[in-house]
Amino acid sequence: DGGITQSPKYLFRKEGQNVTLSCEQNLNHDAMYWYRQDPGQGLRLIYYSQIVNDFQKGDIAEGYSVSREKKESFPLTVTSAQKNPTAFYLCASRRDADTGELFFGEGSRLTVL
Amino acid sequence: QQQVKQSPQSLIVQKGGIPIINCAYENTAFDYFPWYQQFPGKGPALLIAIRPDVSEKKEGRFTISFNKSAKQFSLHIMDSQPGDSATYFCAAFAGGTSYGKLTFGQGTILTVHP
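Chains as they are written, first to last, in the working numbering: chain R, 195 to 307; chain U, 259 to 372.
The shape of chain R in the complex, shown without the other chains:
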């Protein structure tokens, strides 16, 4: 089945450690996105990529990094510079160039101990 696969679903990390969240899609979509979700704050855009080898900072990019070496993959690294990394992270891809119809993965919940 086509879709977005995020892993791991749950992740615990100690303060000061970097962690990488995986996002893979087999929908053949060009655009991919990373959002962060916190209670009462909706979905905030971290990074997005329109094509391979190109990506743009979103509204809250500080403390995060991404790469887009393949069309299917858009991993997100949460670095030790991110001051409050505990959150639910959502990856998405977009089908059409002229609509905002995003297809989301099931998310990764990161907890910093």
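Treat each hint with caution, since some may be false.
[Stated by the list, open to error] Computed list of lysine-lysine pairs in DSBU-like fashion (alpha-carbon distance at most 35 Å, straight line):
id, chain 1, residue 1, chain 2, residue 2
1, U, Lys-329, U, Lys-316
2, U, Lys-263, U, Lys-359
3, R, Lys-265, U, Lys-300
4, R, Lys-264, U, Lys-359
5, U, Lys-326, U, Lys-359
6, U, Lys-273, R, Lys-251
7, R, Lys-264, U, Lys-300
8, R, Lys-265, U, Lys-263
9, U, Lys-326, R, Lys-251
10, U, Lys-273, U, Lys-300
[What the hints assert, rightly or not] Anything over 10 Å on all C-beta distances counts as not near chain R; from chain U, calculated:
id, residue
11, Gly-275
12, Ala-282
13, Met-336
14, Lys-359
Calculated directly from the structure, the hints in this document are not laboratory data.
Just so it is clear, CB atoms sit at the ideal spot from N, CA and C, and this is done for glycine as well.
Could you slot chain U onto chain R? The hints should help.
Frame of chain R, contents of chain U only:
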């Protein structure tokens, strides 16, 4: 100017009631307005969407009403069911100007009691 403001933050209705969720925007470049539904522990899924040249769109029990002059749009859920209990997000998109960015509202947690 890129904000989308959503209200209420939470909403409780009885089964069969008609919950209404409202959103407002400022940027007139927005040209696509989707609503997403999210169940706990899952990613959001597209529910229904509208373009500003249409004042109303209905899909099943879900209806979007759009007021272009007021820059407001709302989601109505007819004959609500306990299975509709979820978080709902409105969003706005301007494909030509924002390089593909979708701006989300803050979300509404809907609870439908049996």
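Status of each hint after checking the structure:
no.	hint	result
1	Lys-329(U) - Lys-316(U)	holds (19 Å)
2	Lys-263(U) - Lys-359(U)	holds (16 Å)
3	Lys-265(R) - Lys-300(U)	holds (24 Å)
4	Lys-264(R) - Lys-359(U)	holds (21 Å)
5	Lys-326(U) - Lys-359(U)	holds (21 Å)
6	Lys-273(U) - Lys-251(R)	violated (43 Å)
7	Lys-264(R) - Lys-300(U)	holds (25 Å)
8	Lys-265(R) - Lys-263(U)	holds (33 Å)
9	Lys-326(U) - Lys-251(R)	holds (30 Å)
10	Lys-273(U) - Lys-300(U)	holds (23 Å)
11	Gly-275	holds (23 Å)
12	Ala-282	holds (14 Å)
13	Met-336	holds (23 Å)
14	Lys-359	violated (6 Å)
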